[in-house]
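One-letter residues, chain by chain:
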Amino acid sequence: MRKLVVICVVITGALLISGCQEIDTEVSAVTVMDAPNDSGGGVVVAWPAPAGVKVDSFAIERLDPETGKYTPLTTVKGDETFLEDTGLTPNADYSYRVVANLADGKTTAVGEGAGRPTGEWFNFNRLNVLVGVVSFVVLVLVFISMARGGKELFVRKIAGLEAVDEAIGRATEMGKPILFVSGLGDASDIATIAAMTILAKVARKTAEYETPLIVPCRDPIVMMVEKEMVREAYTEVGRPDAFEEDSVFYVTDSQFGYVAAVDGIMLRERPATNFYMGAFYAESLILAETGAQTGAIQIAGTDRVTQFPFFITACDYTLMGEELYAATAYLGRDPLMLGSLKGQDWAKAVILVILIVGAILIALTGLGEVDTTWFARLFETVS
Amino acid sequence: MRREVPLFICFIMGALMAVQFFVPHQFSITLYQYMLRWLIIVLTFAMLLGIGSLIKVHSYKVRFKREGWGYSIVALIGLAMSIVTGMAGILGRLILGQERMAEGFFGDFLFTFFNSGIDLGSGFMWLFSYIQIPMQATMFSLLAFFIVSASFRTFRARSLEAFLLLIAAIIVMLGRVPLEGIVGQWLPDLAEWILEYPNMAAKRGIMIGVGLGAMSMALKIILGIERSWLGGTE
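Going down the list, the protein sequences come from chains L and C. FYI, in the numbering used here the residues of the first sequence are 2 to 384. FYI, in the numbering used here the residues of the second sequence are 15 to 248.
Just so you know, these hints were derived from the structure itself, not from any lab. By construction, the Cβ of each residue, glycine as well, lies at the ideal position given by its N, Cα and C atoms. A hint or two may mislead.
[To be verified] Derived Cβ-Cβ restraints for the label pairs, each shown as a range:
1) L:Thr87 x C:Tyr46: 12 to 22 Å
2) C:Leu57 x L:Asp242: 27 to 37 Å
3) C:Phe154 x L:Ala93: 46 to 56 Å
4) L:Ile357 x C:Ala176: 27 to 37 Å
[Unchecked claim] Only pairs whose alpha carbons sit at most 30 Å apart, straight line, appear in this in silico DSSO-like list of lysine-lysine:
5) L:Lys55 x L:Lys78
6) L:Lys177 x C:Lys75
7) C:Lys79 x L:Lys177
8) C:Lys217 x L:Lys349
[What the hints assert, rightly or not] Chain L side only, calculated, beta carbon under 7 Å to chain C, not exhaustive:
9) Trp122
10) Met197
11) Pro221
12) Val260
13) Glu323
Please put together the full structure from these sequences, using the hints given.
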């Protein structure tokens, strides 16, 4: 009899509890894993879909260590089974609780779990990038080593670079200055660095011919580096006294303020030759058209694809994209530099083959012949 | 030593930043942010050198009455005005003290004008909004006229390439004009096709070359093969 009363009390209690509380018993555990390939600020909270019930949404709650209570984090759709929580403190413990909001209005606890976010030392999402970079570096180094060994390397003619000597000679004959504009990029821009290397070659020639050189700069760091480069070039050819300190000067960092100043220099000083090398934006045509109207011979070089049409239209010669980077190798004819150019060419050939293979595979996928998504995944980069 | 030390620093920092791209750890992020802060500090000091250069060049022009020296006076006045209006509040507080500034020593208008640094309503922002921005807009608007003159020169069909360029340009230009009711949808579709396929293919080809060229350039600088940036050509 006593046993019967206890069982009745337990069953009644259980029924009462189930009726009062919306949260049922746990269905299964929630797993909290460290988010892969991150700095240690994220975890992945995963939970199994409750069987036999229709779930509207899942409410994810995170334990507040100060109050010791779960606070709502977010709500996700009922067909989702994981969530990435980011912005966490690395190496700290985090606990989560997942509650399922059922279609009939009731809620049921899916479970609880805890985990600790940690930072990784390698981002495997970028493995394909690393493989590509290492392959390219090896290719370039192989060709540099071949060039060092005395192998003759053919490099096609680049009209814009062939014309550099002619343009400097023209200015010398006319007794007019040469204007060198190194673009709007800062010193960390690779196009600006390429422009600086071309300036070094141009400055050496102007020093030899004693042709005035004007270099207006938009970035103070670029100005300092270019000033040193021009000074060195004059010293190298034995004419340090011919170097004018103020030939390389700062103008302004305002885009159109810079354009106004350079246009003014073109119209007042009437340089015979204008070089536009580096990173350019909307100002490219304003500069190049003003230069064309003054009758100067103009050589431009940029890696900004959107500015090519403007330079091609208004300049006599235009170095497009990689030709800008090839300038030092081309002008100096240094075997080591030429080796790197050949490496680039071979890398382009490899990319071309990959593109052709990719196009064929996509065509086959379209025909329903084979599944080629694996090929696309090889080149995917997940941020 | 004059060359070896910069080359060594360049190699270490270049290699470090390349490795940093593949390391997501907090240590790597902290290092990157630390470098960015360094960059800001260097930039700030470099700006002082830039201003020094600006003053020197224009003072020289004014002093020796070189061609266009009048413009140099305007440039120097502009520079002085920007510095004065930008820093007047700080200087006022330093010279007069916070209390006298707050009492409206200069009167309401002048108080706002000088005391607000680069806030809205300050003298600095007045110069920026009513002088610098209109002047920049004027320069930018010149682009429209230059595009016309450049197009006129380019679109003269003197060769097969120039003829093709002319045809493509006419199609794309007309395709962007709302002429559906007159010539039908085929023209905008053709213009879109030219932009999406032949144009995009050429652009991507160039971009691949640019990417490889930039990587090669970076590699040459990191390994010390390209040394022109050190000055000279050796």
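Checklist entry - How does the Cβ-Cβ distance of Ile357 of chain L and Ala176 of chain C compare with 27 to 37 Å: does it lie in that range? => result Since the Cβ atoms of Ile357 of chain L and Ala176 of chain C sit about 31 Å apart, the hinted range of 27 to 37 Å holds.
Is Lys177 of chain L within 30 Å of Lys75 of chain C, Cα to Cα? holds, 19 Å
Restraint satisfaction for Met197 of chain L [CB to CB of chain C, less than 7 Å]:
holds, 6 Å
- Return holds or violated for the Cβ distance of Thr87 of chain L and Tyr46 of chain C against the range 12 to 22 Å. The hint (12 to 22 Å, Cβ to Cβ) holds, given that Thr87 of chain L and Tyr46 of chain C are roughly 18 Å apart.
* **Asp242 of chain L and Leu57 of chain C - C-beta distance against the hinted 27 to 37 Å** => The hinted range 27 to 37 Å holds for Leu57 of chain C and Asp242 of chain L, with Cβ atoms some 32 Å apart.
| task | Starting from Lys55 of chain L, check that the Cα of Lys78 of chain L is at most 30 Å away, please. | result | Holds - the C-alpha atoms of Lys78 of chain L and Lys55 of chain L are around 12 Å apart, at most 30 Å.
Decide if the proposed pair is consistent with the structure: Lys217 of chain C and Lys349 of chain L, CA atoms, cutoff 30 Å inclusive. Distance of about 15 Å is within 30 Å: holds.
For a C-alpha distance cap of 30 Å, please report whether Lys79 of chain C and Lys177 of chain L respect it.
holds, 20 Å
**Asked** Does the nearest C-beta of chain C fall within a distance shorter than 7 Å of the C-beta of Trp122 of chain L?
**Response** holds, 5 Å
**OP:** With chain C as the partner, please determine if Val260 of chain L meets the hint condition of a C-beta pair closer than 7 Å.
**Re:** Nearest chain C Cβ about 5 Å off; hint holds.
Inset, instruction - Kindly confirm whether 46 to 56 Å is satisfied by the beta carbon distance between Phe154 of chain C and Ala93 of chain L. - result: holds, 51 Å
- request: Under 7 Å, Cβ to Cβ, is where Glu323 of chain L needs to be relative to chain C, so tell me if that hint holds or is violated.
  value: Since the shortest Cβ distance to chain C is 3 Å, the answer is holds.
Violation of the numbered hints given earlier is absent; every hint is satisfied by the structure.
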